[in-house]
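Colleague: Knowing the structure of chain A, use the given hints to seat chains B, C and D on it.
Chains A, B, C and D, in that order, are what the protein sequence lines are.
Quick note on numbering: the first sequence equals residues 20 to 152 in the working numbering.
Quick note on numbering: the second sequence equals residues 20 to 152 in the working numbering.
Quick note on numbering: the third sequence equals residues 20 to 152 in the working numbering.
Quick note on numbering: the fourth sequence equals residues 20 to 152 in the working numbering.
Hints are not guaranteed to be accurate.
Since the list gives no way to pick out one identical chain from another, each pair is judged satisfied if it fits inside one copy or across any two copies.
Think about it this way: if two alpha-carbon atoms lie no more than 25 Å apart in a straight line, the pair counts; the simulated BS3-like pairs of lysine-lysine are [said to hold, decoys possible]:
id, residue 1, residue 2
1, Lys137, Lys84
2, Lys105, Lys128
3, Lys98, Lys151
4, Lys28, Lys98
5, Lys137, Lys120
6, Lys86, Lys105
7, Lys28, Lys96
8, Lys137, Lys86
9, Lys96, Lys151
10, Lys144, Lys28
11, Lys151, Lys120
12, Lys84, Lys98
13, Lys105, Lys84
14, Lys144, Lys120
15, Lys105, Lys120
16, Lys144, Lys98
Honestly, the hints are just simulated from the structure, not real lab data.
Quick caveat: nothing in here was measured; it's all calculated off a predicted structure.
The primary structure of each chain is shown beneath.
There are 4 protein chains.
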Amino acid sequence: MKDFEITLKVRYAETDQMGIVYYANYFIWMEVARTSWFQHICNKDYGRLETEDGILLPVIEANCKYKSAIRYPDEVKIKLTPSIQKRLYIEFDYQIIAREKLCAQGFTKHILMDRQFKPIRPLPKFITEAVKQ
Amino acid sequence: MKDFEITLKVRYAETDQMGIVYYANYFIWMEVARTSWFQHICNKDYGRLETEDGILLPVIEANCKYKSAIRYPDEVKIKLTPSIQKRLYIEFDYQIIAREKLCAQGFTKHILMDRQFKPIRPLPKFITEAVKQ
Amino acid sequence: MKDFEITLKVRYAETDQMGIVYYANYFIWMEVARTSWFQHICNKDYGRLETEDGILLPVIEANCKYKSAIRYPDEVKIKLTPSIQKRLYIEFDYQIIAREKLCAQGFTKHILMDRQFKPIRPLPKFITEAVKQ
Amino acid sequence: MKDFEITLKVRYAETDQMGIVYYANYFIWMEVARTSWFQHICNKDYGRLETEDGILLPVIEANCKYKSAIRYPDEVKIKLTPSIQKRLYIEFDYQIIAREKLCAQGFTKHILMDRQFKPIRPLPKFITEAVKQ
Chain A
20 MKDFEITLKV
30 RYAETDQMGI
40 VYYANYFIWM
50 EVARTSWFQH
60 ICNKDYGRLE
70 TEDGILLPVI
80 EANCKYKSAI
90 RYPDEVKIKL
100 TPSIQKRLYI
110 EFDYQIIARE
120 KLCAQGFTKH
130 ILMDRQFKPI
140 RPLPKFITEA
150 VKQ
Chain B
20 MKDFEITLKV
30 RYAETDQMGI
40 VYYANYFIWM
50 EVARTSWFQH
60 ICNKDYGRLE
70 TEDGILLPVI
80 EANCKYKSAI
90 RYPDEVKIKL
100 TPSIQKRLYI
110 EFDYQIIARE
120 KLCAQGFTKH
130 ILMDRQFKPI
140 RPLPKFITEA
150 VKQ
Chain C
20 MKDFEITLKV
30 RYAETDQMGI
40 VYYANYFIWM
50 EVARTSWFQH
60 ICNKDYGRLE
70 TEDGILLPVI
80 EANCKYKSAI
90 RYPDEVKIKL
100 TPSIQKRLYI
110 EFDYQIIARE
120 KLCAQGFTKH
130 ILMDRQFKPI
140 RPLPKFITEA
150 VKQ
Chain D
20 MKDFEITLKV
30 RYAETDQMGI
40 VYYANYFIWM
50 EVARTSWFQH
60 ICNKDYGRLE
70 TEDGILLPVI
80 EANCKYKSAI
90 RYPDEVKIKL
100 TPSIQKRLYI
110 EFDYQIIARE
120 KLCAQGFTKH
130 ILMDRQFKPI
140 RPLPKFITEA
150 VKQ
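This is chain A alone, in the form it adopts within the complex (with noise of 0.2 Å):
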């Protein structure tokens, strides 16, 4: 899978009193991006994949490290490369850019689950071969 990628805007919210982007708010990004991605995988968006398809996508570990701060109002991009971790998980790799400077970077790390919440393995095709390509 080549590197998938999204751009957004600092929005004055997410700034807190030190006048940086607070340290949470890159997680939301994270998310972002990857809603993004399994949007342009399927060719539906995640919020359908939820309700019709009845597959969630609970986070199992997020991390973030931070390495220069990012200010309203900034344009950020974020890099996501996705990968399959002994076949149980997907793990998603984000780099965040803004003025041209990787400002963070950090992964988060997902399990498959059903509306009762019970893990899908193994995991779905359209998922492992999207992640291949």
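Modeller: Just chains B, C and D now, kept in the frame of chain A:
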């Protein structure tokens, strides 16, 4: 109904780069106050109200007047006064107090809906009774 | 001033357990619209407006009427109409549209302040001019 | 340092359409815990720490492992254990407990900076002392 009151402490996350609490967060505090009130009147919490009784309480209007800035780490008192309007909807009035000063006041209006998003009319007795007291 | 308009996509993080966008988030969208307008009228962004020119734009009142639920991943259009009220403050009126339907409308009122939190009066010409056009 | 502990109640606003607490909000709770700890150790609150002493505490890494979903309106206990790492930065370890179950655990790493965003080294004595106790 006598005034109902809760106290909370400003979270760092609730500030913005102006150095004060971001304006949309007042509406989150209002909800903390009214869900606490619901828990108080029915001896059950609003979460259960939703899932067990199938009652939703969507907002149809929200308003806040901002008089004086609130800062981290102020302690904030929220006074809530509920009323029934035209037998159709519930109005909550809020006074938001910090450093012994009325810093903001607002209201929210709500209808009651069932899980199919259809209005519940007339309003359930345990609610109209609680408001009168 | 002709209507000014922005488009954004509902974020998963903006939903709540009722399955719809949480009501306080509409006020964040309103701010995205009005800061974009500021950037548009002064060819500088609101972030710079704050730090360079020392102008703050605190909210004195905010209001939203909710007509129809907005869901993830709806695309949302926000139409903004600014006006000067009583030569003292700026009002922005918002129409929030999803699925070609007016789902909510609201307003915010703002005064202009300097870094010492003192009101700037009269309003700067570049603002009154922009509103008139 | 013995464990430090806070308790908070899940807010409706913190849920998402999956019906559980949105993952980024755990990081907000972590901050509520560590700013409370700061207030506890220095008898002054973190807000004042920032403005009076000119000390900032930016995050350089944040991590959370999610084991079991937390729902509205759970009561949540957050246990915090601070430590000094390599004499350079502070690490906080968090255990997030609901319904008497360890639902998540995580850490954040922080450096100390002055108002010019330059690292403060060595770490101030009142902090290293507090961590040792």
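Colleague: None of the hints should be skipped; say for each whether it holds.
Modeller: Now the hints, each set against the structure:
1. Lys137 - Lys84: between (31 Å within a copy, 18 Å between copies)
2. Lys105 - Lys128: Within one copy only: 12 Å inside a chain, 28 Å across chains, cut-off 25 Å.
3. Lys98 - Lys151: Answer is within; shortest intra-copy Cα gap is 17 Å, inter-copy 41 Å.
4. Lys28 - Lys98: Close inside one copy (15 Å) and across copies (19 Å); limit 25 Å.
5. Lys137 - Lys120: between (40 Å within a copy, 19 Å between copies)
6. Lys86 - Lys105: between (29 Å within a copy, 18 Å between copies)
7. Lys28 - Lys96: Both ways: Lys28 and Lys96 sit 9 Å apart in one copy and 16 Å across, limit 25 Å.
8. Lys137 - Lys86: between (37 Å within a copy, 13 Å between copies)
9. Lys96 - Lys151: within (23 Å within a copy, 36 Å between copies)
10. Lys144 - Lys28: The answer is neither: 34 Å in one copy and 28 Å across copies each exceed 25 Å.
11. Lys151 - Lys120: neither (28 Å within a copy, 37 Å between copies)
12. Lys84 - Lys98: both (15 Å within a copy, 22 Å between copies)
13. Lys105 - Lys84: Both, since 24 Å and 18 Å are each at most 25 Å.
14. Lys144 - Lys120: neither (36 Å within a copy, 34 Å between copies)
15. Lys105 - Lys120: neither (32 Å within a copy, 27 Å between copies)
16. Lys144 - Lys98: For Lys144 and Lys98, only the intra-copy Cα distance (23 Å) is at most 25 Å; the inter-copy one is 41 Å.
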